[in-house]
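What follows is each chain in one-letter form.
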Amino acid sequence: MSGRHLFFLSDFGLGDPYVGLMKARALAEGFGGTMVDLSHGIPPGDVPRGVAMLEDCLPWLPAGAVVCAVVDPGVGGARAALAARAGGMAFVGPDNGLLTPVLRQADCTVRAIDPERLGLPMPSATFHGRDVFAPIAARIAAGLLSVDDTGPAPSSEPVLLDLPLPVPCEGGGLELTVLYVDGFGNAALNLRSDALPRNAGVEFHLGGRPLGSLQRTYGDVAPGQPLVYVNSFGRIEVAVRGGSAARELPLPPGATIVMKTAGTGE
Amino acid sequence: MSGRHLFFLSDFGLGDPYVGLMKARALAEGFGGTMVDLSHGIPPGDVPRGVAMLEDCLPWLPAGAVVCAVVDPGVGGARAALAARAGGMAFVGPDNGLLTPVLRQADCTVRAIDPERLGLPMPSATFHGRDVFAPIAARIAAGLLSVDDTGPAPSSEPVLLDLPLPVPCEGGGLELTVLYVDGFGNAALNLRSDALPRNAGVEFHLGGRPLGSLQRTYGDVAPGQPLVYVNSFGRIEVAVRGGSAARELPLPPGATIVMKTAGTGE
Amino acid sequence: MSGRHLFFLSDFGLGDPYVGLMKARALAEGFGGTMVDLSHGIPPGDVPRGVAMLEDCLPWLPAGAVVCAVVDPGVGGARAALAARAGGMAFVGPDNGLLTPVLRQADCTVRAIDPERLGLPMPSATFHGRDVFAPIAARIAAGLLSVDDTGPAPSSEPVLLDLPLPVPCEGGGLELTVLYVDGFGNAALNLRSDALPRNAGVEFHLGGRPLGSLQRTYGDVAPGQPLVYVNSFGRIEVAVRGGSAARELPLPPGATIVMKTAGTGE
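Protein sequence lines correspond, in order, to chains A, B and C. With the working numbering applied, the first sequence covers 98 to 363. With the working numbering applied, the second sequence covers 98 to 363. With the working numbering applied, the third sequence covers 98 to 363.
Worth double-checking, as some hints may not be accurate.
[Stated by the list, open to error] Per the computed footprint, the stretches of chain B lying under chain A, defined by three or more beta-carbons under 8 Å from a beta-carbon of chain A, are:
1. 132–144
2. 158–172
3. 208–218
4. 289–300
5. 335–349
What the hints contain is simulated information worked out from the structure, not anything from laboratory work. Treat the numbers as computed from the prediction; the structure is a model and nothing was measured. Just so you know, even glycine gets a beta-carbon here, dropped at the ideal spot from N, CA and C.
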């Protein structure tokens, strides 16, 4: 298959030429399609943030997408480099848990990339984005290489890194954790709307402060007021209308919120 | 018409996957041309900054450009989603004034996008960039949809948001306002060079401090000195050579400068 | 030759529409290939940082690459605009030293761009990225113009800006300087690995603090510990595993490290 689109996700930021050089390498491998940055704003080395972002993005990628995902603090060490396919898409990235949302899919096939077999020189020990992941992803996207041919099955089970689950509170309700904060200061929690109770409303509390029940959008509360709603990825999220929930409530990554079933105290 | 280029302008920043997912959605709709980010650095929810940026960019876009513009604090509320064409280009964006520079054009045709009629599911109340604006812009750019077919004429006049005008001073001269500050710290004012007096020089003052007459470029003053000149969009702008006018003078957005006709005190 | 890829490198940042408008201009000139941002994160006006980045990127660009490089504090002044070709690639940029890594190549041909002869209107004195460099680079990349036809040979030798060399220490060893710090806080020095002594190990010192000998990758030291290694561009670099060398040691641009030949004190 040729003409697949190539997506990049990393913690490289955009201040340095790292992202540009991954793309230069993809072009040098003969890729001629469209390259899209999902984001390079993952905090340096923050693999869990990468997991959450990949999980958020997956349902929205076009058919046949190829994703080059690099959050790789162990680069140059013993960790394997993986290629995987699932749902008609292909993925490359380090074996450090980053690809968990892909590896958890029922139809996932995974390989341990063998750079030598693929004729890849390894000029650096610290930039496998340029030296391994981008060229492999580019070859897959260009139809020059299949995931199956990138290497053998991994010699051990790939690392899985699951996001924290909600925790039942002693006094009833669930304790939810802020997974990440976006550029608007909105704080996304570790609960999806499809896990909400079906037959009862819910109410949210930050410490002693009530944050109300589930709203639909920002305009449902007055300017400057907090609200809880389902974000565009299906996660429960806290915002302040016209402000930053992360800064003003505050709700940095790792902070907790309690959700109770309305009226029952549970 | 097929093969039109697709431009994006938003307040989404680049730290999150929002921009990448607008592009993913455009590709999923079958768009196969070139996508260009004008900027995603508009401060969150700052519609006037978006208006000024769109006005600055318009004269420099290639023929047939399609622009997806999203600064949309009222997303999910009652505001309409607009599609417009003017000057051979097409635009989509929220009905909150953002598209004013387009709507003010004599040949502008505007429609209220009807997502249901266009077969667009609306999975979220807070990310119409991905769910409405990007797919509509992509279809228009791919030649699959015309602006006229995006929906009916708006049921009420689209919102217009005009930038502040210069204000005559009591003691003579004009008070100009800083519309925005760029990454170099240059402060752009709300006056275009074609509105300058034709037969007289002008002089600029910040509080009691004289900033001199109109210069051509940075090298016309000594390093570290302020200068006033016509920026690359035709706006009067204040810079400090080799420094940041916004920080050093200081001249943040909203600050004011007085312009007087040279020699007359007016 | 048509179908060459177009790369951009500048100090424009991504908050403003400057980069987007260079690309808009390239499209308006008829360029239809792939455009890649190497980086726009060079600090405003920091030509030496641009030189180092261009030098780092050059070996990794695909055959036939065309590079539009703009760090141009003297824009609108007397400095020439250059077009150059070397190694099968083409480059445009200001004559202020930015293109030094290209101009130093044995097979380099350089021209002084003549905008008038090329039919380029010059609407602004402060944004030659949009008005000169992008359209010329686009025409070259589209096969519409050759470097030789951009203008005459420069009337004087192009400006060369060489990066600082290591300095021998009075007490033996070499004093190395931090050329730049990347987004991970890694500090790259002004020495390449191919200039290391061949038959002896080396040791590094920051003030009185020993930083050890040359390591291969981050995992070779304990978390939180500093290490010195060869970065992905072949430069000697200092990092802190899981942290920021620039902030924690600290090692900002311009700071110095001493390298001694192991065991000899030299």
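Verdict on chain A covering the stretch 158–172 of chain B, where coverage means 3 or more residues with a C-beta closer than 8 Å
Three-residue rule met by the stretch 158–172 of chain B, so holds; n is 3.
Mind taking a look at whether chain A covers the stretch 289–300 of chain B? Criterion is 3 or more residues with CB to CB distance under 8 Å.
With 0 residues closer than 8 Å to chain A, the stretch 289–300 of chain B misses the three-residue bar; violated.
Do three or more residues of the stretch 132–144 of chain B come closer than 8 Å to chain A, measuring C-beta to C-beta?
Three-residue rule met by the stretch 132–144 of chain B, so holds; n is 3.
Coverage claim, chain A over the stretch 208–218 of chain B, checked by counting residues with Cβ within 8 Å (three needed):
Not satisfied, violated; 0 residues make the cut.
Has the stretch 335–349 of chain B got at least three residues whose CB is nearer than 8 Å to a CB belonging to chain A?
violated (count 0)
Hint violations for this structure: numbers 3, 4 and 5, all remaining hints satisfied.
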